[in-house]
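Peer 1: Sequence:
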Amino acid sequence: MKCYICNCDVGELKALVVHYKLIHLLKPNSSYTCLENDCSQSFNCLSSFKRHVNKKHVVVISKTPPSVESDNCVQETSTSNVSPNVEYEYSTRDSINNYDEPKNTFNFGKSAKELYESTLKFIISLYNNNNFNNSDVLYIQSGMTENILKPIASILKSMVKINISEPILVSTFNRLEGLILDPFNYCSTEYHLNNWLINNNLICNVQQITINNQMCPVSYSGEIFYNEKVTKGALLPLQFQFKQFFEHGDNFQTCYDKLVNFQTDETSFSNFVQGKLWKQKISQYEGKIVFPYFLYIDDFEINNPLGSHATYQSIAAIYYSFPLIENNSKLSNIFLAALIKSADFKEFGNDPCLLQIINEINYLANEGITITTELGNLKVYFILGLILGDNLGLNSILEFSKSFSSNYYCRFCKTHKTIANKLCEEDGSSMRNTNNYYQDVAKMNFSETGIYKNSILNSIEHFHVVENYCVDIMHDV
Numbered sequence: 001m002k003c004y005i006c007n008c009d010v011g012e013l014k015a016l017v018v019h020y021k022l023i024h025l026l027k028p029n030s031s032y033t034c035l036e037n038d039c040s041q042s043f044n045c046l047s048s049f050k051r052h053v054n055k056k057h058v059v060v061i062s063k064t065p066p067s068v069e070s071d072n073c074v075q076e077t078s079t080s081n082v083s084p085n086v087e088y089e090y091s092t093r094d095s096i097n098n099y100d101e102p103k104n105t106f107n108f109g110k111s112a113k114e115l116y117e118s119t120l121k122f123i124i125s126l127y128n129n130n131n132f133n134n135s136d137v138l139y140i141q142s143g144m145t146e147n148i149l150k151p152i153a154s155i156l157k158s159m160v161k162i163n164i165s166e167p168i169l170v171s172t173f174n175r176l177e178g179l180i181l182d183p184f185n186y187c188s189t190e191y192h193l194n195n196w197l198i199n200n201n202l203i204c205n206v207q208q209i210t211i212n213n214q215m216c217p218v219s220y221s222g223e224i225f226y227n228e229k230v231t232k233g234a235l236l237p238l239q240f241q242f243k244q245f246f247e248h249g250d251n252f253q254t255c256y257d258k259l260v261n262f263q264t265d266e267t268s269f270s271n272f273v274q275g276k277l278w279k280q281k282i283s284q285y286e287g288k289i290v291f292p293y294f295l296y297i298d299d300f301e302i303n304n305p306l307g308s309h310a311t312y313q314s315i316a317a318i319y320y321s322f323p324l325i326e327n328n329s330k331l332s333n334i335f336l337a338a339l340i341k342s343a344d345f346k347e348f349g350n351d352p353c354l355l356q357i358i359n360e361i362n363y364l365a366n367e368g369i370t371i372t373t374e375l376g377n378l379k380v381y382f383i384l385g386l387i388l389g390d391n392l393g394l395n396s397i398l399e400f401s402k403s404f405s406s407n408y409y410c411r412f413c414k415t416h417k418t419i420a421n422k423l424c425e426e427d428g429s430s431m432r433n434t435n436n437y438y439q440d441v442a443k444m445n446f447s448e449t450g451i452y453k454n455s456i457l458n459s460i461e462h463f464h465v466v467e468n469y470c471v472d473i474m475h476d477v
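Under the numbering used here, the first residue of the sequence shown carries the number 1, and numbering increases by one thereafter.
Misleading hints may appear alongside valid ones.
What the hints assert, rightly or not - Distance ranges between label pairs, derived from CB positions:
1) K402 with S329: 18 to 28 Å
2) A442 with N201: 46 to 56 Å
3) I203 with D390: 29 to 39 Å
4) D390 with Q207: 20 to 30 Å
5) S219 with S329: 47 to 57 Å
Unchecked claim - Derived DSBU-like pairs (lysine-lysine); straight-line CA-CA distance at most 35 Å:
6) K243 with K276
7) K150 with K121
8) K161 with K14
9) K229 with K161
10) K2 with K21
11) K27 with K55
12) K341 with K243
FYI, nobody ran anything at the bench for these hints, they're computed from the structure. Please read these numbers as outputs of a predicted model, since none were measured by experiment. Virtual Cβ for every residue (Gly too), placed ideally from N, Cα, C.
Please put together the full structure from these sequences, using the hints given.
Peer 2: If you want it as structure tokens, here you go:
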């Protein structure tokens, strides 16, 4: 049978239908013309065309039992393009409907999307490489487009122009050319990349928190004006990050299994969740899933990584980690929670700098997060276990003495420095607790108590600064 578009002889009807759909991209509702025996009849859909061919131009040979001689009558409607020894049984119109759609169809849009996502993964891997900055990534991207992809597209366009004249095929190759020229559609700029990641729920916008807002006098051309000065920090979306982490892979199941194993193991002590402090924290969460996490705060100095971390460019970074995760001290398992200038901590104090992150922490403890797992949606609560850091960092953030030459410099006990320097065993009577802590706060006398003020961290659910039993082994040993 012949194709009415390219006059190619493709054999039987089934092959002709596949030829129309794959080569000429015709659809079931396209127009078709019959060229058998100079028929030239046109049809407005594929089913009508196939019905016509099977009725007017196909030989139908009925099967006969072996006892019947081969010269029995044969019903013939036409002999063109049909082999005389082909058996074909036509009973109902449904027998031709199997040709409506080929089994393996090519979806150009789906394939283009897969290419865009592949290039996106490549670009993200470059952004994750510490050897490249943002401008380097954009330079690599533009270089690949100009020096590799455009020449390939030009060669393809020239070959199509010389060898293909069919309009439908030319149009298809033009789409392919456009795809080759712009494979970085999702990540052509940082703006497009961020939009794609946000729309696909892979990242969430960083929240700017206001630490201080005041009107300051400004001298301009000999005159005094008042201008608004806003001091801000950066808070990452903890709820979004927690949810994405525990819905990724088997992170939730791994943590839950470890939590159950540790809580039932009474022969060894190897994790925070086996201690009395954690059991005290979760006493109000009977029958609920509760995971612990640790906060860590330390300063770093941008543009000078080997500096003292104490200059104007110093930034206090707040991190968090999950003690139930395997290798939780690896950098890949430590996540950023907030960034605040160290100078703002010194100028405005801990309260305005930590207020927003404390609200996030309390939400995780009171409301929890719905985690989607293989078992369905589960409500999981997250409680702050400990705040980690070195001695100076912890004493500063917990509102204890920042000087280790002061009378009462220890955050665990109330021992005077003259005794503490010679003390070899713990004195239980001098240990700090919630009762004597608030008594010392009420005195408002730092030289006698070693406490500056009531810490805002005490407003965190199931947390108190005197129960933050954490030391930095790299500093204290």
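Peer 1: Are there hints from earlier that the structure breaks, and if so, what are their numbers?
Peer 2: 9
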